[in-house]
Amino acid sequence: MSSAQAASLVINLTDSEPGFADEIKELGGEELLECIQCAKCAAACPMVLAGFSFFNKRIIQAILLGLREVLLDDSSIWACQSCNRCTEVCPREVNPFEIIQAMRRVAVREFALPTMSIEGLKSLYDTGHAVYLAGAGNTRAKVGLPEKPPSTVAYPEALKELQAIMRKTALADLGIIPMNGFGVADTCEV
Amino acid sequence: MSRIGVYVCHCGENIAGAVDVEEVRKYAETLPGVVVARDYLFMCSDPGQELIKQDIRDGLVDRVVVAACTPRTHEPIFRKAVENGGLNKYFFEMANIRDQDSWPHWHDREGATAKAKKLVASAVAKVALLEPLEDRYVDVTRSSLVIGGGVAGMFAALDLANMGYKVYLVEKNPSIGGNMAKLDKTFPTNDCSACILTPIMVQVGTHPNIELLTYSEVESVEGSIGNFKVKVRKKQTYVDWDRCTGCGDCVEACPARVPNEFNEGMDKRKAIYIEFPQAVPKRAVLDIEHCINCAKRAIGTEPRIHSKTGEPILAPCEKACKTGACDRSKPYNPDGEIMELSVGTIIVATGYKVMDKTPFKEYSPQSPNVITAMQLERILSATGPTEGELRRPSDGEKPRTIVFISCVGSRDKNHHTYCSKVCCMYMLKEARLIKEKYPNINIYIFFIDVRTAGKDFEEYYNYCRGLGIKMIRGRVGAVDELAGDRLRVRAYDVDLGVPVELEADLVVLATAIEPAPGLEELGRKLGITCGSEGFMKELHTKLYPVETPVKGIYIAGCAQGPKDIPESVSQARAASSAAAVPLAMGRVLVEPLISEVDQEKCSGCGICVPLCPYLAISMVEYREKPLSRINEALCAGCGVCAAACPSGAITLHGYTSAQIHAQIEALTAGIGGGANV
Ligand SMILES: Cc1cc2nc3c(=O)[nH]c(=O)nc-3n(C[C@H](O)[C@H](O)[C@H](O)COP(=O)(O)OP(=O)(O)OC[C@H]3O[C@@H](n4cnc5c(N)ncnc54)[C@H](O)[C@@H]3O)c2cc1C
Ligand code: SF4
Ligand code: SF4
Ligand code: SF4
Ligand code: SF4
Numbered sequence: 001m002s003s004a005q006a007a008s009l010v011i012n013l014t015d016s017e018p019g020f021a022d023e024i025k026e027l028g029g030e031e032l033l034e035c036i037q038c039a040k041c042a043a044a045c046p047m048v049l050a051g052f053s054f055f056n057k058r059i060i061q062a063i064l065l066g067l068r069e070v071l072l073d074d075s076s077i078w079a080c081q082s083c084n085r086c087t088e089v090c091p092r093e094v095n096p097f098e099i100i101q102a103m104r105r106v107a108v109r110e111f112a113l114p115t116m117s118i119e120g121l122k123s124l125y126d127t128g129h130a131v132y133l134a135g136a137g138n139t140r141a142k143v144g145l146p147e148k149p150p151s152t153v154a155y156p157e158a159l160k161e162l163q164a165i166m167r168k169t170a171l172a173d174l175g176i177i178p179m180n181g182f183g184v185a186d187t188c189e190v
Numbered sequence: 001m002s003r004i005g006v007y008v009c010h011c012g013e014n015i016a017g018a019v020d021v022e023e024v025r026k027y028a029e030t031l032p033g034v035v036v037a038r039d040y041l042f043m044c045s046d047p048g049q050e051l052i053k054q055d056i057r058d059g060l061v062d063r064v065v066v067a068a069c070t071p072r073t074h075e076p077i078f079r080k081a082v083e084n085g086g087l088n089k090y091f092f093e094m095a096n097i098r099d100q101d102s103w104p105h106w107h108d109r110e111g112a113t114a115k116a117k118k119l120v121a122s123a124v125a126k127v128a129l130l131e132p133l134e135d136r137y138v139d140v141t142r143s144s145l146v147i148g149g150g151v152a153g154m155f156a157a158l159d160l161a162n163m164g165y166k167v168y169l170v171e172k173n174p175s176i177g178g179n180m181a182k183l184d185k186t187f188p189t190n191d192c193s194a195c196i197l198t199p200i201m202v203q204v205g206t207h208p209n210i211e212l213l214t215y216s217e218v219e220s221v222e223g224s225i226g227n228f229k230v231k232v233r234k235k236q237t238y239v240d241w242d243r244c245t246g247c248g249d250c251v252e253a254c255p256a257r258v259p260n261e262f263n264e265g266m267d268k269r270k271a272i273y274i275e276f277p278q279a280v281p282k283r284a285v286l287d288i289e290h291c292i293n294c295a296k297r298a299i300g301t302e303p304r305i306h307s308k309t310g311e312p313i314l315a316p317c318e319k320a321c322k323t324g325a326c327d328r329s330k331p332y333n334p335d336g337e338i339m340e341l342s343v344g345t346i347i348v349a350t351g352y353k354v355m356d357k358t359p360f361k362e363y364s365p366q367s368p369n370v371i372t373a374m375q376l377e378r379i380l381s382a383t384g385p386t387e388g389e390l391r392r393p394s395d396g397e398k399p400r401t402i403v404f405i406s407c408v409g410s411r412d413k414n415h416h417t418y419c420s421k422v423c424c425m426y427m428l429k430e431a432r433l434i435k436e437k438y439p440n441i442n443i444y445i446f447f448i449d450v451r452t453a454g455k456d457f458e459e460y461y462n463y464c465r466g467l468g469i470k471m472i473r474g475r476v477g478a479v480d481e482l483a484g485d486r487l488r489v490r491a492y493d494v495d496l497g498v499p500v501e502l503e504a505d506l507v508v509l510a511t512a513i514e515p516a517p518g519l520e521e522l523g524r525k526l527g528i529t530c531g532s533e534g535f536m537k538e539l540h541t542k543l544y545p546v547e548t549p550v551k552g553i554y555i556a557g558c559a560q561g562p563k564d565i566p567e568s569v570s571q572a573r574a575a576s577s578a579a580a581v582p583l584a585m586g587r588v589l590v591e592p593l594i595s596e597v598d599q600e601k602c603s604g605c606g607i608c609v610p611l612c613p614y615l616a617i618s619m620v621e622y623r624e625k626p627l628s629r630i631n632e633a634l635c636a637g638c639g640v641c642a643a644a645c646p647s648g649a650i651t652l653h654g655y656t657s658a659q660i661h662a663q664i665e666a667l668t669a670g671i672g673g674g675a676n677v
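So the protein sequences, as listed, match chains B and U. For the first sequence, position 89 matches number 89 in UniProt numbering, and the numbering has no gaps at all. For the second sequence, position 557 matches number 557 in UniProt numbering, and the numbering has no gaps at all.
Just so you know, the hints here were simulated from the structure itself, not pulled from any lab data. Check before you lean on any hint, since a few could be wrong.
[Stated by the list, open to error] Pairwise CB distance ranges (calculated):
1) B/T14 - U/S220: 35 to 43 angstroms
2) U/E397 - B/N12: 20 to 28 angstroms
3) B/D22 - U/H207: 47 to 55 angstroms
4) U/E459 - B/N84: 44 to 52 angstroms
5) B/G51 - U/K361: 48 to 56 angstroms
6) U/G531 - B/L49: 55 to 63 angstroms
7) B/D22 - U/C247: 46 to 54 angstroms
8) U/E387 - B/L9: 16 to 24 angstroms
9) U/R109 - B/L9: 52 to 60 angstroms
10) B/A39 - U/G531: 32 to 40 angstroms
11) U/G111 - B/G51: 52 to 60 angstroms
12) B/G19 - U/S570: 40 to 48 angstroms
13) B/N84 - U/E389: 42 to 50 angstroms
Note that the structure is predicted; figures quoted are calculated from it, not measured. Yeah, the Cβ is synthetic: ideal placement off N, Cα and C, and Gly gets one too.
My request is simple: use the sequences and hints to build the entire structure.
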């Protein structure tokens, strides 16, 4: 490894953001400072098993040290399965899952989200499903299910309500979903 | 022929787990003189002791051997049982087949059993030759000496004084108070150290039963429990303390400046000085080494007379002093004064010193902005060099980023392998005090383990984390000096698993707690050896934590090992009550296990005299011949003299040559190249 590469591995804390922890607390990670880095959450987390570089405990330490850029440059936070095991096991009631959610909020505001997620959000707005298999109607019919599932797909009024809610979120401010109530497909461009 | 009873103890599984007790018992039955050998689960229990007593009452046995644990804790119990059974209690011998056999040879049943047999045989051989001895008592001098006037020494002294005993408190510095007097606030409650300590100092200073001997050191200690003779040197202050009022006028006037020990060398004091503002006693002392003898006024000389005014030419200190306490014409004795004290018990409370930063080359000790935690205490304190303003030493700027490094010199084979125990908490405390006052200062604590195992300590730690103090697991590897008085700190964050570095304005080293300088020498005077870490060793970690191997001498506070104030005070109060017991009893038992000279055999060579560590032996004129005599009250029964006497004139009762030879023969039977093989 060249020395330049080696040097780039070092995280310089002098460049860290002192207010980062407060930002995360405001965005939902209220119990952040309660974490004592015991790593019990990491022991329960599927992200760790899947080999992601940042998972609950490590994300929290990075936030505590103000390493905003480091976390924004990494997509691990989007791999959280929302299984909530960490929140169940944490002995200090930190609610690590909420901290990851808060971190996602930070990332969204910075547009630091993977294309996959943008697709998912777009699909959620358009159909009410983050993952919607448009061609599933026939298959459903074959096994005796109604062609449209009993969700926003079958109930356009429900989809409208969902879209109204989503337009009130930061996603709309950021232009990830349309700002106003017009048609769906024509405005949604990210 | 004596009738010996042998009692082998299982000590639950402690002995039976490694030794075949039944085999040992059977073997004991075969030994000469043994009339009965029994075994029991716990010999020290009531039924166990009853076995011995019954055999004595039945006239079955007249000598007793118990093969069990250590005589250190159990000999007195069995002696009592022997006595209650109706025998002289010195017709008893113990074989230690636990601490010296089953424990160290736990995985070698055969070897341990063979060794147990030897130990039993040796005790049996000795017990047959024992003589009856009588206990003696000596009267106790009802006073105590406390060495060291820190928080531990002060509490020990106050307790004894309140019980009505006379206490001499010897402190080497000009004032009592110790290290606690230097602290700003104190965990876990953050009360101001001076505010809680000063009233205690005043109580000590004014207590009618306490004689305060500050600026003094112990020269020599003789005697034993109940009657110690102690010589104390009152060092020369060159100021008449009967007149000095502590006004500080001389200090104001003195031009000579010396690094100030109380402020950890961060500012200067004068050659004549008062140790700190709340000093007790508040008196000036002259540091003669640094006095520049203004106006050529060397101590003990007459002043020159001004040619014009005809007035004597005085030094500024003298001139300023309104009470005449600072009179340099007096012929002071540079060696001070020796006082002789008689005391019944002694408490050692000499405390600690913190390590200096210089050995830690990797942390740039040459930088003024790398300081010890004790220096930070002084910076934070209102009586410190910055009057409590947080400023870095190099240029007086307020630091924006502060880094604390834990375990500096602790848990480190190059320095001290022990944990200094208080640093984790005081780092958190110092960080918290700063963070509460200046929330915008960035604080990092680099640690290996956070050890906050005390009442309310974990809550304190969590509170500190809640303040946003950044905790990073990982020992700092390097601190480098950068331009602009900044410091680069390099470490590895174990939790992130990455190397980290940052720039700081102030780096605080939690340097290790060490024994007070000279503790080892003091130990020699007292007859107590220090442990491998240099602290004074207690007699038994669990059961006799404030006692020492020397009866009548006790320990308290950091002299025994690193500890915080709550622990130091608890231990001091434990030591004071232990030290009060002999005083309250008024007399102490002197075991008859001491040496005696047979004057018929003594050749008067005098070899024994300088060998006795307790100075118990002297030569006395007897029929125009010098003969050795042993003072019973001083002899501790160590036996050095008996071993050394070329004429075989000295007998150590309970350990006579015949008894010891019998033991050795029993132990070595069948060993070596001799005829026995
Ligand atoms: C930086 C730092 C911060 C700390 N903060 C806290 C805190 O916030 N809370 C807390 O609980 N604890 C704290 N501690 C620990 C606390 O200082 C000790 O627990 C306490 O001072 C121990 O008291 P002591 O009487 O045993 O020893 P000392 O205070 O060291 O007193 C010993 C005295 O004996 C004298 N002496 C030494 N040798 C001799 C001799 N040969 N003859 C005569 N006199 C002698 C010394 O001059 C001294 O006056 C801190 C320690 C450090 C290093
Ligand atoms: S979030 Fe909870 S479980 Fe995870 S490291 Fe922190 S304290 Fe431990
Ligand atoms: S909720 Fe997310 S971070 Fe928590 S255990 Fe599940 S996957 Fe891991
Ligand atoms: S003579 Fe007095 S004033 Fe001068 S240095 Fe000495 S103590 Fe200070
Ligand atoms: S108390 Fe903490 S900092 Fe001090 S030596 Fe022990 S572990 Fe290290």
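Taking the hints in turn, this is what the structure says about them:
1. B/T14 - U/S220: 35 to 43 angstroms: 58 angstroms, violated
2. U/E397 - B/N12: 20 to 28 angstroms: 22 angstroms, holds
3. B/D22 - U/H207: 47 to 55 angstroms: Holds - the Cβ-Cβ distance for B/D22 and U/H207, about 53 angstroms, lies within 47 to 55 angstroms.
4. U/E459 - B/N84: 44 to 52 angstroms: 28 angstroms, violated
5. B/G51 - U/K361: 48 to 56 angstroms: 40 angstroms, violated
6. U/G531 - B/L49: 55 to 63 angstroms: 48 angstroms, violated
7. B/D22 - U/C247: 46 to 54 angstroms: 53 angstroms, holds
8. U/E387 - B/L9: 16 to 24 angstroms: 44 angstroms, violated
9. U/R109 - B/L9: 52 to 60 angstroms: 56 angstroms, holds
10. B/A39 - U/G531: 32 to 40 angstroms: 36 angstroms Cβ-Cβ, so the 32 to 40 angstroms window holds.
11. U/G111 - B/G51: 52 to 60 angstroms: 53 angstroms, holds
12. B/G19 - U/S570: 40 to 48 angstroms: 44 angstroms, holds
13. B/N84 - U/E389: 42 to 50 angstroms: At 49 angstroms between Cβs, range holds.
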